[in-house]
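Protein chains in written order, with this note's numbering: chain D, 1 to 445; chain G, 1 to 445; chain A, 1 to 445; chain E, 1 to 445.
Please note: incorrect hints may appear among the correct ones.
Pairs count within a copy or across copies, as identical chains cannot be separated in the list.
[What the hints assert, rightly or not] Mimicking DSBU-like on lysine-lysine, the simulated pairs with C-alpha atoms at most 30 Å apart in a straight line are: (1) 436 to 297; (2) 73 to 264; (3) 268 to 395; (4) 242 to 11; (5) 73 to 246; (6) 132 to 76; (7) 182 to 11; (8) 356 to 76; (9) 268 to 310.
Please keep in mind that the hints were generated in silico from the structure rather than gathered at the bench. On a predicted model such as this, the values are computed, not experimentally measured, just so you know.
Protein chains: 4
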Amino acid sequence: MRTMTINPDSKFSASWDLIVFISSLYVAITVPLSLVFPNLNPIITMIADSIVTIIFGLDILYNLNLSFQVEGKLVKDRKLIVNHYLRHWFLIDILAFIPFGLILKGLPLFQLGRIIKVLRVVRVLKLIRVIKTIQGEVSQRMNPAILRMIVLLFWFLMVAHFISCAWLAINPNVAGNNEGDKYLYAFYWTITTITTIGYGDITPQTRGQVLFVIIIEILGAAMYGLLIGNIANLIVNIDVAKNQFKERLERVNTFLKYRRIPHKVQRKINDYYQYLWETRRGYEETQVLNDLPEPLKMEVSLYLNMDIIKKVPLFKEASKEFIRDIIVNLLPVVYSPDDYIVKAGELGADMFFISKGSVQVLSPNEQMVYATLTQGQFFGEMALLLSVPRTATIKALEYCDLYRLPKDVFTQVLQRYPDFEQTILQLTKEREEANKMIKKKGKKT
Amino acid sequence: MRTMTINPDSKFSASWDLIVFISSLYVAITVPLSLVFPNLNPIITMIADSIVTIIFGLDILYNLNLSFQVEGKLVKDRKLIVNHYLRHWFLIDILAFIPFGLILKGLPLFQLGRIIKVLRVVRVLKLIRVIKTIQGEVSQRMNPAILRMIVLLFWFLMVAHFISCAWLAINPNVAGNNEGDKYLYAFYWTITTITTIGYGDITPQTRGQVLFVIIIEILGAAMYGLLIGNIANLIVNIDVAKNQFKERLERVNTFLKYRRIPHKVQRKINDYYQYLWETRRGYEETQVLNDLPEPLKMEVSLYLNMDIIKKVPLFKEASKEFIRDIIVNLLPVVYSPDDYIVKAGELGADMFFISKGSVQVLSPNEQMVYATLTQGQFFGEMALLLSVPRTATIKALEYCDLYRLPKDVFTQVLQRYPDFEQTILQLTKEREEANKMIKKKGKKT
Amino acid sequence: MRTMTINPDSKFSASWDLIVFISSLYVAITVPLSLVFPNLNPIITMIADSIVTIIFGLDILYNLNLSFQVEGKLVKDRKLIVNHYLRHWFLIDILAFIPFGLILKGLPLFQLGRIIKVLRVVRVLKLIRVIKTIQGEVSQRMNPAILRMIVLLFWFLMVAHFISCAWLAINPNVAGNNEGDKYLYAFYWTITTITTIGYGDITPQTRGQVLFVIIIEILGAAMYGLLIGNIANLIVNIDVAKNQFKERLERVNTFLKYRRIPHKVQRKINDYYQYLWETRRGYEETQVLNDLPEPLKMEVSLYLNMDIIKKVPLFKEASKEFIRDIIVNLLPVVYSPDDYIVKAGELGADMFFISKGSVQVLSPNEQMVYATLTQGQFFGEMALLLSVPRTATIKALEYCDLYRLPKDVFTQVLQRYPDFEQTILQLTKEREEANKMIKKKGKKT
Amino acid sequence: MRTMTINPDSKFSASWDLIVFISSLYVAITVPLSLVFPNLNPIITMIADSIVTIIFGLDILYNLNLSFQVEGKLVKDRKLIVNHYLRHWFLIDILAFIPFGLILKGLPLFQLGRIIKVLRVVRVLKLIRVIKTIQGEVSQRMNPAILRMIVLLFWFLMVAHFISCAWLAINPNVAGNNEGDKYLYAFYWTITTITTIGYGDITPQTRGQVLFVIIIEILGAAMYGLLIGNIANLIVNIDVAKNQFKERLERVNTFLKYRRIPHKVQRKINDYYQYLWETRRGYEETQVLNDLPEPLKMEVSLYLNMDIIKKVPLFKEASKEFIRDIIVNLLPVVYSPDDYIVKAGELGADMFFISKGSVQVLSPNEQMVYATLTQGQFFGEMALLLSVPRTATIKALEYCDLYRLPKDVFTQVLQRYPDFEQTILQLTKEREEANKMIKKKGKKT
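Input sequences plus hints: build the corresponding full structure.
If you want it as structure tokens, here you go:
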């Protein structure tokens, strides 16, 4: 039984939702209109009503077979599905399914008819339910702020349509020769009122109309105000990342200006932030990864650095676990063009991996370029073993994203892997002696 | 004397507040109307006025016996209550109590009458006081943002009512055959103006009316604008949790997109956040608990973990204090489906308790399922005693909320309980020897 | 020369600002009016203009003697003051000082007159300058948000006045029999337009009027919208503290609800937050003090705790510096009613000082109340010297603000004062022996 | 080939942008007008159109040679530039370049003409592109919030212009004798409608007009509302620094008020914040620098402190690297007037450098002023070598920005430079002995 349910993420599901949406929209538009203009195209209306009723009926069957997601798990058990459906949308679906229009057509209802006809309005509820469902599904694939704006605008127009129909019902003397004209003028009055423009060329005349206008003014104008307020807010907040970044940039710039930092340095710092924005919307890797739980953080780190670490000869004999531990502890760091990463003569204490950009390996006097290293290469591995001065100067050629492995982190991780520690200690000893040899030779010459 | 006071949280108190609210509302609606239409239902008005006066009188007695809360303590001392009442609402209550209407009815006041009649307006103040009181009491049981919206709308309608009455007073030629109609048209004008729709079908004619309209336009339209602005803001902020969560999710997603993390991992991370949202609205346990003071934090932690900890055989002989110290130091951690929690062969350093979800205990080659552990169970307790490799792989079957107890935390707590430390050390020795035996056997076979 | 300058914080300064404000307001109101109605009260106008001119002249002298504040220092040097004044407001002051009205009265200016008369408008600039000055001074004594709202409303009304005068100038056919009526109608039209109500009973007729109305519609309505938007925002942000606190409370409550913490504990936690709000608007002492630089932080801490610390017999012989170091390191902590602060039998490691509230000292079985300690008292000082179990249970009777002094902090501070360290070590030894004696006795009995 | 490209930051580039902007603006204004009033100044129009066409053509050539910036690098490679241009703005530029107006003039197009004429509207797109380009360039030199406000207002007026032209096209009976008058009235109607004022003196008459008005009411009024909402928000957020600072200040003040800190201390704390605001907009140096990556942080720190550190005799023989390490570890600290920085008799553990302000060196009894130190001077260097009591009291005379170098930081850095460490140890020994001598002498006398 389990495998027979419908997956809400499937294409079939999406297509069906679209069909039901169009049907509901048709119902929501025509039902109020048919109450005001009862003699509009009786045959077409009947056919369309029948189709819609069938679609709504099939939709109930569809929902009885539709899996749903809860706490990351897809529920496929039929019993749970039925239960879930009955407690949520079933009532609205069944009410919308009843073809009041068709039923009433067949019955001779004199005075009572008008009142019962209004029952058809419950079919409009279906639209609310369909929009909710679609919204839930689309929200993961679309900017939710933009989605919300679209939904708000859609409802604004629907409500304006309902108000127009009500105004037509209450005010039969609306200008216009035919139904179309009358509706146009009613819609014009509605929009003029709820946008608070209020030309005043159409005003209420009878007591009932005055009462109706009061309600529309309070609710309609409030709705419009809220809509505008909401959209204004959405526009402002649509790019939270940018706002936060601008704030941060302004903080730094205010400080630089007040402390009279030279213009050249200010420019360099601004360029750095520009780079940060273009490459990662200003978000720091460390900050983002720390928000993830340990296993996911590791998964992302592994993806980012596995390739480069594997290449390091030093780690050739290391176990998978050791390499994983190293990767999780790498520190991302950004260098601007011409920044010194390593200076010849300094005591080194870090190894570096180039994730992006290129660096130059220079002679201590910076006259000679030994090499240019780029993405996927590394340098300074000697510093993990010995405390010797750097033998070359390394300078960033452009903006570089490096990962830094400090010696103490390396040593700490190493202690958890006694076997590999022995290998490394052996290597260190060999290097140390080689070093001494070089020094001696150096002294001799 | 102390026990005779009324508890403001009691049902009686709530009912009485409702009665006083209805009376005040009746007064606030009828007093301005009766000033404009003096000849409206004299007998009914008199009876209603008398009842209201009695209720307002009883309300003063009620307040003289009403306890009040301050800094977490309920003050029941009569003297303090009276003092508190006199300094707060007494003046308004006594002013609202005076039945100006009834008094004036009995006295022959010719010209002076009109002016004194206006004094009745002070009774309207009672409504402000009642709303304030109810708001204070309801605010703890209701979303304060929604409460504030309701109160704002209520006052908006009340003010519109007052403006309509004033317009009627200043403009006796308002259209309409009877009092009802006249009021309806005045109300229609008010709403049309303060919603800034301004049809212009009713405009001021005399100098006084122009002045009145200027004031209403400035204050009324401003009020409406502020109301809309406030509500728009409330809507935006009604779900702070969701906004913050969306921001956080967007930050992570932007980073993942910019660093080109594989789609599968992105999906997994989004599912994780979805789980975080569904189970705890995105709030991390550690973060929330750290906002509490030590004793409350402990109380919550104890409730969450006491049952599970008590079951651990290792802690059978531990004192209550020791267990409490352990619980407060547990670290919550979430695993996604198929995440490895423990890998066979690794050196273990944590014990785990399952708070929610289920995990599988697998053979090192993951071919055999030894067991499935669920909510309330635990694993890895050996790691607290010995530094031996894990003997089985443990994998999350679904989203799991675990609590982690790191070995160093355990050791640290242990040092504070020398007696239990001895027991544990003894146990460790036994296990170590047992382990050696197993190893030897393993080697032999 | 230095002491002769005027202090901007003096009462004289405040009174003078008020006089200049009233004069400027008079000018700002009458100058545009006199341009539209040239024949209004010529004698009174002349006298008033003369007085204003004198006041404006004196104001220039006043400013040449007015000290000003910069980076926390009051500048009293005349030369600097003059320099500062010339670079800031002098130009506006001198322009406003010139009595265009009086000068023009004396001269026969035919056609040219009208144009030159408009020059009088520059006097209105004085109002801008005066408002700015007063705003700067008042801002420290008043909620800046409320001040800003008042200033915004004031300018809104002033601008409406200017627009009304301009409308009168451009549209001489405004309804109304006399100047007062005409102005009233013009003002009515202005407000109706810029609040976007737009009745449409007064509309532009000539080309110039249409152009004028377009400008007013764009600028005036925008101004009104911005005013409302700004005020709505001010209202929302007027109580930042409350908003942040509500957010925090909601975070905790959401968590408690989702983790199904018992209702009793939830209630207790909410009461705690209520207490935090009532006693300190939700702000934590540690967080606030850490925002201050070291010397100010110490000053506040000393004020809060000096009295209580001095009373401790243990610190009788300590130097002032030692006590200061202790006070700065106290940790504030809040206990709810019935919370255990100390439990008999536990190893103690903290001393406590009661800053607010009262606690009960109970026998280990909680049957007997040994004592009730309140504000200004302390307990647990033995824990600073010896690692012995607590001899009594101590329980909070109501909400208590305590300061905690952990043993390790005490020891650390002690090391910086070798002399006092000796005294304490001596004391410790004595106590230890006394303790042993008690134990022995205990065993014997 | 590389050096022949145009730098987008050059003055030539800025001038050319201005020329293209003016041409686009001319096109955007005249094209819709010429559709409504076809017979307007045919000769002038033709000449202007020709010039604009030439400029638009040259602009395409210009863009084919224009370098562009990406991730901090200026791309100068012609091939990449062309590629980049083709994928971005080329299509709009080429469409705007086609002189539809001139082409159509030459051809006899009867009925078809009207429709084809509308094609000219595509030239208006050029304006969008030009504004975008200028916005991107100006955004770095201007407050982005203000820039955005200006752009919004500009587009608001442009859209109002387009709506006016459309209204003229749809409603030929607009009042007015000539083209200018007709346009004025149309613009007046547009503004009256989209500011939601809606006088109602001009209302739609035909079905087409009603439809047009409905659309304008929805879009135009929404546009206006969003514009106002956006600007209100921009105004509120224009000074993020101030808002955050006010919040912080309020937090402190609320705390001080609730804990009843003496008024004098409250005043002192407020003065401190005032100083913080005036000198650095409330931003803390540490916080700002920590947002920068290591190399940029060092560059700023070096600039701020290099001069002062070099002067210290103690560091005369130190290497450049050592001094750099010291500078990066200095801690900024602010003292208020009359704060004690160092007290005679205390054990010193910090050296201080004065970055701003002045301090007094006083005798232990504060009766004698030994010296006044100001910006660029330092004191307390002895504390880095020996643990001896301070020999003088040092007090801030005004607000002082100092940098503090704690002894332990100094020692830590020293360990990385063994050679210099020897020098310092030697010095310490000498000083110690000198100290002993002084003490002996002191005892003798």
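Each hint tested on the structure:
1. For a Cα distance limit of 30 Å, the shortest separation of residue 436 from residue 297 qualifies neither inside one copy, at 42 Å, nor across copies, at 36 Å.
2. Proximity of residue 73 to residue 264 under the C-alpha cut-off of 30 Å is restricted to the inter-copy arrangement: shortest distance 16 Å between copies versus 55 Å within a copy.
3. In the homo-oligomer, the alpha carbons of residue 268 and residue 395 lie at most 30 Å apart inside one protomer (16 Å), although the nearest pairing across protomers, at 38 Å, exceeds that limit.
4. Within a single copy, residue 242 and residue 11 get their C-alpha atoms only as close as 35 Å, which misses the 30 Å cut-off; across copies the closest is 29 Å, which meets it.
5. In this assembly of identical chains, the alpha carbons of residue 73 and residue 246 lie at most 30 Å apart only when taken from different copies (21 Å versus 39 Å within one copy).
6. When the C-alpha separation of residue 132 and residue 76 is checked against a cutoff of 30 Å, the pair qualifies only within one copy, where the shortest distance is 21 Å, while the shortest distance between copies is 51 Å.
7. In this assembly of identical chains, the alpha carbons of residue 182 and residue 11 never lie at most 30 Å apart, being 42 Å within a copy and 55 Å across copies at closest.
8. For a Cα distance limit of 30 Å, the shortest separation of residue 356 from residue 76 across copies, 21 Å, qualifies, whereas the shortest one inside one copy, 45 Å, does not.
9. In this assembly of identical chains, residue 268 and residue 310 lie within 30 Å of each other by CA distance solely across copies; the values are 25 Å between and 34 Å within a copy.
When the structure is compared with the earlier hints, violations turn up for hints 1, 7 and for no others.
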